[in-house]
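Student: Taken in sequence, the protein lines are chains Z and X. FYI, the numbering for the first sequence is 288 to 399, going by the numbering used here. FYI, the numbering for the second sequence is 11 to 121, going by the numbering used here.
It is worth saying that the hints were derived from the structure and are not from the lab. As the structure is a computational prediction, the values presented were derived from the model and not from experiment. Accuracy of the hints is not assured; some may be wrong.
To be verified - Listed next, the in silico SDA-like pairs over lysine to any residue satisfying Cα-Cα at most 20 Å (straight line):
1) X:Lys108 <-> Z:Glu339
2) X:Lys108 <-> Z:Phe347
3) X:Lys108 <-> X:Arg60
4) Z:Lys300 <-> Z:Thr385
5) X:Lys36 <-> X:Arg70
6) X:Lys108 <-> Z:Gln313
7) X:Lys108 <-> Z:Ser373
8) X:Lys108 <-> Z:Tyr337
9) X:Lys66 <-> X:Lys80
10) X:Lys108 <-> Z:Gly343
11) X:Lys108 <-> Z:Gln331
12) X:Lys108 <-> Z:Arg338
13) X:Lys79 <-> X:Ser34
14) X:Lys108 <-> Z:Ser383
15) X:Lys108 <-> Z:Asn346
16) X:Lys108 <-> Z:Thr385
17) X:Lys108 <-> Z:Lys300
18) X:Lys108 <-> Z:Thr397
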Amino acid sequence: ETGVTQSPTHLIKTRGQQVTLRCSSQSGHNTVSWYQQALGQGPQFIFQYYREEENGRGNFPPRFSGLQFPNYSSELNVNALELDDSALYLCASSGSDTDTQYFGPGTRLTVL
Amino acid sequence: SQQGEEDPQALSIQEGENATMNCSYKTSINNLQWYRQNSGRGLVHLILIRSNEREKHSGRLRVTLDTSKKSSSLLITASRAADTASYFCATDAVVTDKLIFGTGTRLQVFP
Chain Z
288 ETGVTQSPTH LIKTRGQQVT LRCSSQSGHN TVSWYQQALG QGPQFIFQYY REEENGRGNF
348 PPRFSGLQFP NYSSELNVNA LELDDSALYL CASSGSDTDT QYFGPGTRLT VL
Chain X
11 SQQGEEDPQA LSIQEGENAT MNCSYKTSIN NLQWYRQNSG RGLVHLILIR SNEREKHSGR
71 LRVTLDTSKK SSSLLITASR AADTASYFCA TDAVVTDKLI FGTGTRLQVF P
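Same shape as in the complex, but just chain X (with noise of 0.2 Å):
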């Protein structure tokens, strides 16, 4: 079972502009993480923020945490034709100390 929903499902914008994903969850995390996958190839890992977290910046990419909403966003700034992916959050459950995956984000960019 998916222990995430990303929202939206899909998001097409033009370079130059931000993009912005959200995450819930459902149980209590150790942490939560930002995948990206390209054309069903292999994830990478894009930033790793810990439930006593709040925000984190890695480039362009800023997350957010709310554990009471148990929520988290995900923001790419000034994006690029080569941000196009899919992007997935991953949680790390209290409750089972593995990745669960949500159903992820298509985002696509236009030149």
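In isolation and in its complexed conformation, chain Z is listed as follows (with noise of 0.2 Å):
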């Protein structure tokens, strides 16, 4: 257990629907990043936050979006939902004496 928790567990929305996925960070951590892993692939950095303010983003549209919160903790919204979205989305915390990133046991979202 590495004391992040995500939730939900699943979730299932069709097409053009928004989601809002939420982390809870490890305590001590200040960084939380987000992940989308589509089956059978490694997972793709989607954007950072590190002490409630975007720290790099990787390639994703605008559609996808963050907050990270004065506890640390943090959402990911994803707009106007397209079966593409179809993924594991997992968020990992580290702090500011470390590299390891620490991996909640993510959200399975479907889109239909």
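Hints given; two lone chains; assemble the complex.
Tutor: Take a look at the structure:
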């Protein structure tokens, strides 16, 4: 157990809808990174938040957005869902004194 | 885009045998990390090796890094059925300072 939690575990949406995924970071960690993992692929970096500010973004369109709160928990929002957004969404937290990222169990999103 | 490529894509061995997975990457790195993932769940961090290190050990794991060849290998000795999982290398690239994952190796260990 890493201490990183994600909710919900599973989610089914239809094309065009919007979704919010949540992540609680490990105690003492101020950085949260989000990844998208399609079936059979490695995780792809979406973006990272450090102390409530976006700190880097991967090759994802603007309809993928995020927030980090003062307690360092985070949200990933995806608007106008597309079928290809179906994936496992992982968040990972890390602290200023470590390069290691600690992953949550993920949210499985299915878009129909 | 994926920075790293793991080889082989899939590996099947018997319990007690050693498993070796390789990772190649494209750009200069600060460090390289190996993660394990069981059945599409969260990733578990295994080991981190910095760019100025050549070899690192952790229990039954041995990682090597060759920055001149931009490659790394993960050796799992005396494998167990519980080692069955997907293994990913991830590079912390100097330019981006973000983790970029490879495509993964699916390891199956038969009892």
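Student: Against each hint, give a clear statement of whether it holds in the structure.
Tutor: Each hint, compared with the structure:
no.	hint	verdict
1	X:Lys108 <-> Z:Glu339	holds (17 Å)
2	X:Lys108 <-> Z:Phe347	holds (15 Å)
3	X:Lys108 <-> X:Arg60	holds (14 Å)
4	Z:Lys300 <-> Z:Thr385	violated (36 Å)
5	X:Lys36 <-> X:Arg70	violated (28 Å)
6	X:Lys108 <-> Z:Gln313	holds (19 Å)
7	X:Lys108 <-> Z:Ser373	violated (23 Å)
8	X:Lys108 <-> Z:Tyr337	holds (12 Å)
9	X:Lys66 <-> X:Lys80	holds (16 Å)
10	X:Lys108 <-> Z:Gly343	holds (8 Å)
11	X:Lys108 <-> Z:Gln331	holds (11 Å)
12	X:Lys108 <-> Z:Arg338	holds (16 Å)
13	X:Lys79 <-> X:Ser34	holds (8 Å)
14	X:Lys108 <-> Z:Ser383	holds (14 Å)
15	X:Lys108 <-> Z:Asn346	holds (13 Å)
16	X:Lys108 <-> Z:Thr385	holds (13 Å)
17	X:Lys108 <-> Z:Lys300	violated (30 Å)
18	X:Lys108 <-> Z:Thr397	violated (27 Å)
When the structure is compared with the earlier hints, violations turn up for hints 4, 5, 7, 17, 18 and for no others.
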